[in-house]
Structures are given as structure tokens and as C-alpha cells.
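Enquirer: In order, the protein sequence lines correspond to chains A and B.
Residue 1 is where the first sequence starts when you use the numbering used here, and the numbers rise one by one after that.
Residue 1 is where the second sequence starts when you use the numbering used here, and the numbers rise one by one after that.
Be a bit skeptical, because a hint or two may be false.
[Stated by the list, open to error] Pairs of lysine to aspartate or glutamate, DMTMM-like flavour, derived with a Cα cap of 25 Å:
#1 A:K173 to B:E173
#2 A:K173 to B:D74
#3 B:K70 to A:D172
#4 B:K126 to A:E267
Hints listed in this document are in silico derivations from the structure and should not be mistaken for laboratory results.
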Amino acid sequence: MADASKPVTADETQADDAARGRLAKGGKRRLSFASAASILGGLLLWELAGRFLVRNSLFLATPTQIVEEIVKLAASGELQLHMWTSGQEFFIGLAIAIVLGIAVGFITASSRLGDRTLGPWVTALYATPTIAISPLIILWTGIGIWSKVIVVVINSIFPMIINTDAGLRATDKHLLDAARCFGASRWQLFWKVSLPAAIPFVLAGIRLAVGRGLVAVVVAELFGARAGLGYLLIQASEVFNMPRLFAAVVILAVTGIVLTWLVGRAERILLPWRFAGDDR
Amino acid sequence: MTPKLEVRDISKSFGTLEVLRGISIDVADHEFLAIVGPSGCGKTTLLRTIAGIETSDTGSIRVDGKQVTKPGADRGFVFQQDCLFPWRTVWENTIFGLEINGKVSAETTARTRQLLQLVGLTGFEKYYPTQLSGGMRQRVNLARALAINPEVLIMDEPFSALDAQTREVMQLELTRIWQQGRKTVLFITHQIDEAVFLADRVVVLGRRPGRIKEVVPIDLPRPRGLAVKRDPRFVTYVDRVWNLIENDVRDSVREDATVAS
Ligand SMILES: Nc1ncnc2c1ncn2[C@@H]1O[C@H](COP(=O)(O)OP(=O)(O)OP(=O)(O)O)[C@@H](O)[C@H]1O
Ligand SMILES: [Mg+2]
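For reference, chain B alone in the conformation it holds in the complex (with noise of 0.2 Å):
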């Protein structure tokens, strides 16, 4: 079976600064893979190459078997950074991708409306991002990548913004969210335990180049509630995880200092 998202030996350096090296990860239908890495390993990076706005230096993107190099209604974004537009209220945000592909209809606005429930976001549609909380706008930035009907939901720290409390409600409802469509998903994370908690599959990359150093197969029932986190098993996972990029955050945080001094 092609599997929906083929991401095929991509590299990628910005003049002598080698980002990515060789990095191929197939993504199958339905499924939940997170990629985790230390801070600079060239995560954002890699989405914006996946996402058509970046080139790589070498290798290829795939959804469903044929070649993207541009950006598209297949493959749905949420950003690491607060990307909604200040002057659209929510619902005006939302529909923005349906806007931008001319399909506004009243079938893509019912769906819409169902959406904003999905995230619960029902009753704020007048709002302005100004007047929502993190959370609430990290929902909005969600509704806003579905809202298109993508092949795939590619989604960059979504969650580093918020306050751990948030965060571990977001991450309650994202799975939730997800176990209703089982729509594809790549989840970029430098959170382990929030990587093996989403995830089917857990992409460790190593950092300076950005490579992968292991793919980390997570077996716990679904759905998952975060009594999950307490199973010994989650514990093991996250212990396995972290043993592997170890270093690489110990190095990272070490020449940030460098760099900062």
C-alpha cells in the first residue's frame, strides 16, 4: 500500500549550515506519527519543505503517491508561532483556506460550523484573536488546517506556547479530535512524553544535521486518557526516547549558552 505521506531523502543546507540529512519517513493512512528532536534540529524546517514553502536540496514529497512541490489544499498546517490574523474573527480565520481555494459553499460551511464545534470554539465565532486565550487560539489555528478537508494534518509544536496545564487538555483533545476522523497526522514535538502520548509511531532526529536516529513504535490502547501517562509501559517509551536524544539536548542547550555569552 503507498502510504499517504512519503517524505523521500530529503536534505537541506542553508549555505555551510547543514539542517537536514537524508531524512525519509512514510507516513500510512490514518496513522499518528510525532517526530521529536532537540531545538534547531531543523523540525520547522523539514514542515516547511514538506510544506512547499522551502526547497529542499535534494529528495522528494509524496501524498497518496503523487509528487507535491507546492503548497496545496492536500496537506493542512498548524505553526509553531500564533499564526491567525489579527483582523478576522474567528470564523473569518477559519474559513480563510476555503477562501484562498475558492470553495466556500454550503456544504463547506456547514462542515465549518461542525468543525468549530469539534474544537468547541461554538459561540465565539465574532471573536477577534485578541480576545481568546492561547488555548482557545490554538484551536482556531486547528479548525483552520481541517476546515479544508486535508489528506493530511501537519502540525508544529502546536502546543509550545501554552501553560502545561493547557497543553495537557489540548493534547486530551487533540487525540479526542483525531479519534473522530483518524485524519493522517505528523506531530512535530520537542515534548517526549506529549510525542508518546499522540503517537502511533515516535521520529527521533538527532541534530547538526538534522537525521533520524531511530523510529520508536508506541503500543498503548486507544483511546487514550491521560491515565496513560502513569502505565509503565508509557514510562518505559519515554525513558527510551529521551535516552536517544539525551546528548543532543545536552549539546544544544550547551552551545545556545555558548552562543548567548
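Just chain A, with the same shape it has in the complex (with noise of 0.2 Å):
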């Protein structure tokens, strides 16, 4: 048999994942080459049209406007007012979510009785849009920050107990077979192998709330907030201000993008073993 010593490399599957490895190294720059023309084109496209084709401002703001308003609004310490407020309205409710959602998940799936009670509520309300009743909260609830967080809860929190759920339920019955010949009392078969094995749908589900999350603190501030990025976006609506209604967008965009980037490298580094040999 090879001797330990031995490189890996030098077994053929690996020497096979090395060259397709090598191959989609090349194949990524030209793609990501061409992401950024495309990018790039669209927006000379939208800056080109909103100076000569639609020239009325109250239908479009230009790219360059929206960066100028950009730099307006951060220089007056308003955006960051905007984005301080929305971002802890997020946070705070993605936070309780997650806690909130894992411990739900964990219940559903390892007892019955839980399941039978809080399953049928827990499928009705995931199918729901939730995010139809934010209006409702916000009149119950005042138009402080805490309303925000109660609706990021609500329509962040049931991705995360249906994901823990059926991570949880997924585990491999093999494993669990192999963990208990070695003894494993029914914690350990929970935080050795039904948790880690789970820990790839649970940050799915994050990734699900992020999404739903940032749509609901938008949400809720339009119907009724004193500060925030959707606050912002509204008023800007109301006075007909498009580069300040754009610049909202945009930077709810781009949160949008670095938060999803934010959990992909959360999972490469709590799941090290899904990317192993993806970077070696």
C-alpha cells in the first residue's frame, strides 16, 4: 500500500480534482472579467440615458447623481443615522431569530409532542407571507425600533426552524449507529453528530433569513418609522427627491450583497470540511 509519506497529489481522483481546479481557476477570471463589463456597460447604458433620453429628473436619477447624494447624505451624518437605526433593527432581530429559530428547530425535531403542537403553526405561518401583517404590528407596537425588530422576527424566524428541523432529522442514521456502538448517551449523539451534521441546512436558513430579514426592516419603516434607510426611502418618495430615493436603494443593494457574502465566509470557515480541497 502507499507509504504514508507519500503525497496525496499523487493518487489519480486528486490529481483529477487539481486539474479540473486548475481549469476553473482560468474559466473564473474570464468570467469574472466579464461580470464587470457587464456591470460596467449597464451602468455608461443608465448614465447615458438619463442624460439624454429621460431628461425629467423626477423619473430617473442618474448613476453619477446618486453617487454625489451618496456623499451628500454621509457628509450631513444622515445616512449614517439611517443605516445605525436599520442596522440595529436588523441585528438585533436576526439574532433573536437565529437563537430563537435553532431552539424551535430543536424542539420540533426531537420531540413528538413538540412537533404535534408547534409543527402545524410552524408550516401555516412559514407558507404565510408574514411580512403582509407588518402594518398590523407596527399599529400595535409603536413606530420605535422595536416594532422593526418584532417584524424581522416574524418573517425571519421560520426559515430557520424548518432548516434546524430537518437538518436535524437528515442526520445520517449510519452515523448515529456508529456514535452509539462507541457509547454515546443521547447529548453526545446530539452535539457530536445530529448538531454538526445539521450546522450545513441551519446556515442555509440563516442565509434565508438575511434575505427576508432585510426585506422586513425595509418594509416595516415604510409603514412607520422616524429614522432608517426605508424612512429614508419614503420621504425621499414624498418629494419626489430621485437621487436620494436611488441612493437608498442602492445602499440597500450593496448591504444586501455584503451580507450574503458575510455568510458564505461563515460557512467556509465553520464548515472547513464541505471546502476542503477546493483552495489546497
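Join the two chains, each given in its own frame, into one complex according to the hints.
Expert: In C-alpha cells, the structure reads:
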């Protein structure tokens, strides 16, 4: 048998992987160039259209106007205030949704009674567009930040519950048997087998929760707030300040991209075994 | 002398399907015992019963004379499927049993390091299972079972998922490893030549219900190399075992075919 000091790359499948990796890298560079060109081209067309086609600034703001507006908002400190408000609402809500969602998912996955009593609610509410009841929540709980936190929680918690539950249930039976043969207790089975096996599902749930939570913050702020990006957006639209409205939208889009990227990083850190070999 | 592992009168049915009937096997200390039988004769069920994760309808299991009903560190298992934890590295997989039993210490860690060397995996400690070949994964499985230093090592068709060449190499490796510690081994397989090559005795199981047909002592010199497989005595043993289960295997294949069609 292969002596242990021999590098594993001698292995045929590994060599294959390496070849695929090289191909992928070359291809990737070309693809990212294509994306950059596409985005720049789009921005250019947008700018030209705004300057020469749709001259009416009530309908369209050009990229340069938007950038100017963002700089202006940042200089006056308004931007920071709105981002801070929305950020608080979003992150507090997301944190509660994640912790509570994992806890409830654990209960429905591990207890029959829990599944029977909570399961129907979860299934029904997951399918309901809970965003639709945000005006009601604002009405009940006021226009402070906590009403938004609640809206974020009720929108983000369901993918967390469903994914945690599914992940815990999907644990490979053979792995559980193997652990049991070593004398693992119920707790050990959970901590050392079910939970690590469920983490990919939980992270996918967080990805969904982030998307839903972001939408929830903005929508909740539209219905009544004193600050926040959704508030900025509705204020701008009421006075037909297009550059400002677009500025808010652009900031939200960038935030969404950054958050998604962060979740991706977290996946790489928390699931090294899934990515092992990719960047070796 | 009390046997190391005593399987006494084990019977088991799943509903109306009688899987095992009155299985009694004694495995002596330092003995390598193989069980062969056609697919579906209840080998895995017997093993799960010995592991304590399946309860039998009758009978008892003893290790060193003490009855066991639950899983424990006195028995180490290597499974038919690849059961490594994908999120654990080779090293973390290997010490899993020690962790579960709260036995991670400087001493056991050093011992585990030696074990990895014994199975030829030094240098791969930080690899994840997906980065290993099938043969390497089964070595980790073996190391994981041995790490808890069990009284009896129980293996369920550990090489069945490997290709023919790797399988042959792994058989050799296993005899080499076994030769070092002479652990008591119960080895389950449906490959007859594998059983004869590895074992001191071969227990032949019949099917429907699974029961012992015959016990064949294998009197071949040790340590055994691949040359043994060309020894006329080896060929005679294989023939003999094959004759014992031939009809059962035909039946099992025919049944599978009718079920499939
Ligand atoms: N949990 C179970 N419930 C019902 N029937 C089962 C269960 N486990 C096994 N069986 C049945 O018991 C019989 C023996 O199964 P077992 O897995 O022990 O066979 P085996 O000898 O290990 O076969 P193979 O060589 O294919 O691994 C089979 O017919 C199988 O369908
Ligand atoms: Mg089996």
C-alpha cells in the first residue's frame, strides 16, 4: 500500500481534482471579467439614458447623481443615522430569529409532542407572507425600533426553524449508529453527531433569514418610523427626490450583497470539511 | 478457560421474518474468527445485537464472562458502510471513541498516534474523509475502532466497498496489524477466500433463518502472505466453504431477482 509519506496528490482522483481546479481558475478569471464589463456597461447606458433620453429628473436619477447624493448624505451624518437605526433593528431581529429558530427547530425535531403542537403553526406561518401583517405590528407596537425588530423576527424565524428541524432529522442513521456503538449518550449524540450534521442546513437557513430580514426592515420602516433606510426611502419618494430615493435603494442593494458574502465566508469557516481541497 | 466473546443462543425476528435462529459462537482470546454467509442471512443483524444497538428475542452476549446489553468500550466496531464523520478530520475521527468515553489523555493520544502509524496514515491527520480514498477511509475506521483499545474487534464486511486490488492489500494489512497485537477479532464477510485467508476458524451461516451450518477450523501457517492463496490447502478450504453455502447463495440471488422483477 502507498507509503504514508507519499503526498496524496499522487492519487489519481486528486490529480483529477487539481486539473479541474486549474481549469476552474482560468474560467473564473474570464467570468469575473465578463461580470465587471457587464456591470460597467450597464451603468454607462444608465448614465447616458438619464442624461440624454429621460431628461426629466422626476423619473430617473443617473449613477453620478446617486453617488453625489450618497456623499452628501454621508457628509451631513444623515446616512450614518439611518444605517445605524436600520442596522440595529436588523441585527437584533436576526439574532433573536436565529437563536429562537434553532431552539424551536430543535424542539420540533426531537420531541413528538413539540412537533405535534408547534409543527402545524410553523408550517402554516412559513407559507404565509408574514410581511403582509407588518402594518398591523407597527400599529400594535408603535414606531420605535422594537416594532421593526418584531417584524424582522416573524419574517426571519421560519426558515431558521424549518431548516434546523430538517437538518437534525436528516442526520445519517449510520453515523448515529456508529456513535451509539461507542457508547454515546443522548446528549452526546446530539452535540457530536446531529448538531454538526445539521450545521449546513442551519447556515442555509441563516442565508434565507438574512434576505427576508432585510426586506422586513425596509417594509416595516415604510409603514412608520422616525429613522432608517426605509424611512429615508419613503421620505425621498414623497418629495420626488429621485437621487435620494435611488441612493437608498443602492445602499440597500450593497448591504444585501455584503451580508450574503459574509454568510458565505461564515460557511467556509464553519464548514471547513465541505470546502476542503478547494483551495489547497 | 472462558471465551473472550460468548454469543449464546441468539434468535431474532423482524415481525414474521425470522432472521437469526439459535446462534451460539465462542471466540477465544487472541482468536481471529470469520463468519461467512450469503447476503441477507442476518450477519449485520447479529453484529448489531453484539454491539448492543439491537435487542435479540432470546439469548445473551458475554465479554470476558460478563453479560453485556448496552454498547461499550469493550467492543470496537468497523462497519459495512463508510461511517466516518465527514466534519471531523482523520485525527478527530480516530479519537471519537476516546472523547465519548472521556478517555482523552496524553497516554491515549500517544497510543492513537502510534495506531495511525500502524495503519499507515501518519501525515494525514488533518485531512477530511472526503479527501481520502476508500482504502484510506477504511483504515481510519479501523484505527477509530482500535483507539478505544477494545477487548474484541468486530468488523462487518469492512472491505466490501473496495475494489478487488485495494481489498487484497487491505487483507494483507489487516493480518499485519492483527499480528502485532493479536486482538480477538470477529470478522464478518461474504467473501469466502477473504474469510479463509484471515481467520483461525470460519463459521458458515445458512439463511432463512440465519443459523450456523458448520464451523471450519483453518489450519494454515501464520504469518500469512498472499502466497497462501495459492497453497492447495487454501484452495481446498475455499472449496469446502463454498460447497456449504452454494445453494443458499443461489437461493438468495434468485429471490433478489424475483423481488426486483
Ligand atoms: N430493522 C429491520 N427491520 C426489518 N427487517 C430487517 C431490519 N434489519 C434487517 N432486516 C432484514 O433482516 C434480514 C437480514 O439482514 P442483515 O442486514 O442482517 O443481512 P446481512 O447478512 O448483513 O446481508 P448483507 O450481506 O447483504 O449485508 C434481511 O432480510 C433484512 O431485510
Ligand atoms: Mg450486512
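Enquirer: Indicate, hint by hint, whether the structure satisfies it.
Expert: Status of each hint after checking the structure:
no., hint, in the structure
1, A:K173 to B:E173, "violated (29 Å)"
2, A:K173 to B:D74, "holds (23 Å)"
3, B:K70 to A:D172, "holds (21 Å)"
4, B:K126 to A:E267, "holds (19 Å)"
The structure fails to meet hint 1 from the earlier list, while all remaining hints are met.
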